[in-house]
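Use the sequences and the hints to build the structure in full.
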Amino acid sequence: MKAISIKNLNKYFHDPVEFQVLKDISFDVNKGEFVSIIGKSGSGKSTLLYLLSTMDTKYDGNIIINDTRVTGLKQNQLAKFRNEQIGFVFQFHFLLPEFTVLDNVMLPALKLKKKSKDEIEAEAIELLYLLGLKGQEHKKASKISGGQQQRVAISRALINSPSIIMGDEPTGNLDSKNTQIVFDVFRELAKERGQTIIAVTHDDEFAANCDRIIELSDGKLISQ
Amino acid sequence: MNTNQRIAKVHLTSRFRQLLVAILSVSFGISMYIAMNSFMAGVNNIQTQITFTAMAHIKIYNDLPANVEPILPIPKDSNTVLMVNNARNIQYTQGIKNADAIKNDILNMPEITGVALQLNQNVFIRNGVSKTSASLSGIETVNENALFQTSEYIIEGDISELDKRSDGIILGTGLARTIGVNTGNTISITTSDDVSKTFKVIGLIESGNKGADKTRALISIQTARQLFSKNKSYATDVLVNTNNYNNARLVSEKISKLTDYKVESWQEGNAQLVSSSLLRDILAIAVSLTILIVAGFGIYNIMNMTVNEKIKEIAILKAMGFNGKDIIEIFLTQSVAIGLIGGLIGLVLGNIIVQILDSVPFNIATLTTLPVDYKLRDYILAFLFGVIITLIAGYLPSRKASKVDPVEILRG
Ligand SMILES: Nc1ncnc2c1ncn2[C@@H]1O[C@H](COP(=O)(O)OP(=O)(O)OP(=O)(O)O)[C@@H](O)[C@H]1O
Ligand SMILES: [Mg+2]
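Protein chains in written order, with my numbering: chain A, 3 to 226; chain B, 1090 to 1501.
Keep in mind that the hints were calculated from the coordinates and are not lab data. Quick reminder that beta carbons are idealized off the backbone N, C-alpha and C, glycines included. Treat the hints with care, as some may be off.
To be verified - So the derived label-pair ranges between C-beta atoms look like this:
#1 B:Tyr-1463 to A:Asn-78: 43 to 51 Å
#2 A:Glu-128 to B:Arg-1466: 31 to 39 Å
#3 B:Tyr-1484 to A:Ser-147: 37 to 45 Å
#4 A:Phe-21 to B:Ile-1400: 19 to 27 Å
#5 B:Val-1099 to A:Asp-186: 29 to 37 Å
#6 A:Lys-136 to B:Arg-1466: 41 to 49 Å
#7 A:Asn-78 to B:Asn-1333: 36 to 44 Å
#8 A:Ser-118 to B:Ile-1400: 29 to 37 Å
Here it is in structure tokens:
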């Protein structure tokens, strides 16, 4: 069972000069797989992840996620698709600064409206506890540390139990203890619930413990 | 409250000062709208009130025939020359002989609120050696009072006395001063037919119109008929009031069908009053709409700034799965909230301003304070305009927000 299947992806930037970031990339990821993407800085990892997340739609090639061809869908359809199927942790952990930690985690679920507010709140608190954020729930998102923000962003990515979780250096700001916690959570989700994890990382140990490593170099896929 | 509205609320409450400025600009616009219109309506009311203390909505009188028939037909063949010298348009009858009949006919019409007969003539008034011309009105005291509240302007004496004493006369204050008389003195009146009669001054009237007060003299209509030796139902003017002075023209056309006498609505003779009240209305609306539109620009500006400030958060929301419509709802909710809160405050503020205007001393003519009018319609319109303008001003930035491309923003 394939969770993600991409074929012949090419991506160009036109500003300031014509520049090909991704060069003819094709690969598949199975359901329940825990994959890491590595490569030098500037090799195109984040760019690739934005394409996979369906947010960036300006590319050539095909992307199929959970048997849905997302290439060519309209913005509003993609928004709905993301809300249901994809949890995303940004490289720079973007939270809504005026909202509390708990609200940040709950928002994607409130938007999805599959569960009552009380259920969502209970699950959000559970996730926050799991990631070691007990006691931070009611603080403003702008009033916690960088590492804490990153874990809040991870909790937010998990709240809708998305079938695919994508992280752009999700442990980039974390100490080894918290990195281990996040890794274990991902491992568990992949194994127990069959959720697919794709994480960009610079952490060799983190990558080595994954099911598979996809390596980019200058926009080309050099190993998978 | 749904999720989008909750987000809107957090956005609003987290920037209290901007919120306050936006709300105040709406409140200011709406309160100014109310104040301007209430004041203008008050001025217009006073204007018509002053106008109609001396003038009826419709006047019926015996006019010169409008179309003069040519004395001789214009000759058809070119060899004939037509010469008529000194042709005159002569009025054979004066006044209205059967005024009571006309009055009864008119009173049957539903739009009519009152009818009063008058017998007006220019006369000479003499007190010893001082003498002056005056316009003498024979009035039906009760009807006259119903139409013009004449008794409010009688500063000495009582209007109903005119019916009790056939030698009673009420003089305008200016007129009384000119010939040097006071209440209780006697004067003599000479008509154009050289009939003289002595009257006793039983009261003084001051209407605020100096010109009128200098020439005006009132007696009862029966006395006037005797003085001018006219029949029992004679009058020179039939004065008619309607339930709405703005409709006077229409009603006067209806009355024209009942009688051959000239029927004239107040608008016909007073175009300047009609146009000045119209101009005041236009001015009030133009100024107040401008204020509201300026307030709208203020909101547009604030919402635009908000969207620019929050562009990253909009991108995050979109990345999490909020679509364009959600984003529009989030930002439009904010401007609607600003519009509603600002609108309500504006209504209260507007009312306070109007009350303040209402108590500012202003002692001219019959006024003691600035004239204002409290009309529910002004408040409803102000609120509606305010909300509509905030909606438009909020929609444009919201649409811009909904078009934000999340990757562009979040790629960093
Ligand atoms: N908006 C943009 N316009 C033009 N070029 C861009 C843009 N964003 C990224 N690039 C270029 O594309 C290349 C790939 O960028 P990308 O962010 O994908 O790298 P990365 O592998 O994620 O690097 P890092 O490990 O430092 O995060 C870089 O050379 C970068 O300069
Ligand atoms: Mg990157």
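Here's how the hints hold up against the structure:
1. B:Tyr-1463 to A:Asn-78: 43 to 51 Å: Holds, at about 49 Å.
2. A:Glu-128 to B:Arg-1466: 31 to 39 Å: At roughly 57 Å between Cβ atoms, B:Arg-1466 and A:Glu-128 fall outside 31 to 39 Å, so the hint is violated.
3. B:Tyr-1484 to A:Ser-147: 37 to 45 Å: holds, 39 Å
4. A:Phe-21 to B:Ile-1400: 19 to 27 Å: For B:Ile-1400 against A:Phe-21, whose Cβ atoms are near 25 Å apart, the range 19 to 27 Å holds.
5. B:Val-1099 to A:Asp-186: 29 to 37 Å: holds, 33 Å
6. A:Lys-136 to B:Arg-1466: 41 to 49 Å: Distance hint for A:Lys-136, B:Arg-1466 is violated at roughly 60 Å.
7. A:Asn-78 to B:Asn-1333: 36 to 44 Å: violated, 55 Å
8. A:Ser-118 to B:Ile-1400: 29 to 37 Å: holds, 32 Å
Hints 2, 6, 7, counting from the list given before, are not met by this structure.
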